[in-house]
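Sequence lines, in order, name chains A and B. Counted from 1, the first sequence has number 126 at position 126 by my numbering; the numbering is strictly sequential. If you count the second sequence from 1, you need to add 1000 to reach my numbering.
Treat the hints as calculated values from the structure; they're not laboratory data. Idealized CB from N, CA, C, for every residue including glycine. No incorrect hints appear here.
Sample of chain B residues at the chain A side, in silico, Cβ under 8 Å: (1) Ala1072; (2) Pro1073; (3) Arg1076; (4) Val1077; (5) Met1082; (6) Pro1084; (7) Thr1096; (8) Arg1104; (9) Leu1159; (10) Ser1160; (11) Asp1172; (12) Asn1174.
Derived DEER-like restraints, expressed as beta-carbon distance ranges: (13) A:Glu76 <-> B:Ala1048: 49 to 55 Å; (14) B:Val1261 <-> A:Pro106: 56 to 62 Å; (15) A:Glu193 <-> B:Ala1038: 29 to 35 Å.
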Amino acid sequence: MKIAMRGLLILSGAVLLLAGCAPSEPAVDTGPDFRPVATIREIMNYQIDPSADAIWASVATVVDLDGVHEEYPETEDEWDVVRAHTMRIIEGVNLLLMPGRQVAQPGIRSEFPEIELHPEQVQELIDGDRATFTEYAMGLHERASATLAAIDARDVDGLLASGEMLDVACERCHLHYWYPNDTTAREQFEESERLRQEAGIE
Amino acid sequence: MNRLLPAGLLLLIVAACGSSESPSGTRVDPAPAQLEVAMTREADWTLAPPPVAAQQADLGSIRIHIRLDGTAPGNRVIRMGMDPGCDVASGGQIVTEEGVAVTREGDLANVFVRLEGDFPPVAPPSWPVQIDQSGCVYRPHVVGVQVGQVLEMHNGDDLSHNLHASSRQGNDFNVGQAVEGLVYRYQPQSEEFMLQLGCDIHRWMRSYIGVVGHPYFGVSAPDGSATIRNVPPGTYTLHSWHEIFGDQTTTVEVRAGESTVLEIAYQSAGA
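Isolated chain A, as found in the complex:
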């Protein structure tokens, strides 16, 4: 009985091996098995926005009782801090674009629906036109990459200017997905864009 059983096992193994060698359709590479947990909203709140604030704050003119002073990264450690924040934004964009990433946790509603879209509406916009979402996200990626270049060149003026343009990239995307019906915010942004163009600020 034992022998018969062993023979059956050997036979089964041979069948399995043969099946494994049989010609089949080439496997489609679906990429890594990403397991996104955080939502777009959480990545924005926990990673991108705080880092944008840190970059924004890294260069400043400060007034105290003794006069006016400039503050900017000076030591290698200080440059490294702002560089790390910039990397968080750059790679945060990739996280935003990761397939399966949801806008918000289930059940979350807009607190101010008269101004902002509900998360499911934002999700529909994104899912309905991934190319446009990618374009906006890459707008932020490009701006943050310019910030990184300024940091690596130890270019304080470049850091200041690119930090401001990060904000523009954020607002451009928010106007499309977050509060597209806020005509006033849109008009104001467009007016600012016009003034920036007049001033030669790209």
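Use these hints to put chain B onto chain A, whose structure you have.
Below, chain B without anything else, positioned relative to chain A:
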């Protein structure tokens, strides 16, 4: 470096608006009516100091002076150029944040003080606490309001702001004020220390609102002084709050017909 600002151009904008004193209302049955949220356009709106109540003989008062010891940190110059409209609205002047409004003598402004204790109910004042958005900053920077009192926020700029109160106590609001002259009125319904008001369009705009269930509070003026009037006699805990230097508490005794003088010192990390 071209970002260095000529000192001659420097204009420190100090919150000169608003009173350091908290006028106490007459004691009546507190039943604040819920204000219907309203946005109006008012060409003749003005930022006016609230009336100061006369001191009552059977009550006491607290005269507080707040100082900062040590080297005061500076205030950042606001990058108005982020919105070219704000450059225009601020008249092209150099405007700083107001986190540390301190004199050479150490007088510290924008400290919110309030009493903690069991008080007889006092109806909220009939006058509003006002905040103006002017030159893309809030004026005043710190205010106190009684629960049920009207908070009145005006857009004095010829551009769009939004008023976004981020509350942990149910005092949230987020409204746009697209054009100059709009006034938004809101009645906070619960105590909060502190309710932060900001503009999502201009990230540097921040104002702090202490919402108190009684009228015994105040905000220190540029000379560091704040007075709390018409306080029932008793021993209380006095809380003081500053956006950078944090919270402090002290015990204060109030006697009828007397004014208790109190000195509060904050310590700067640069001391």
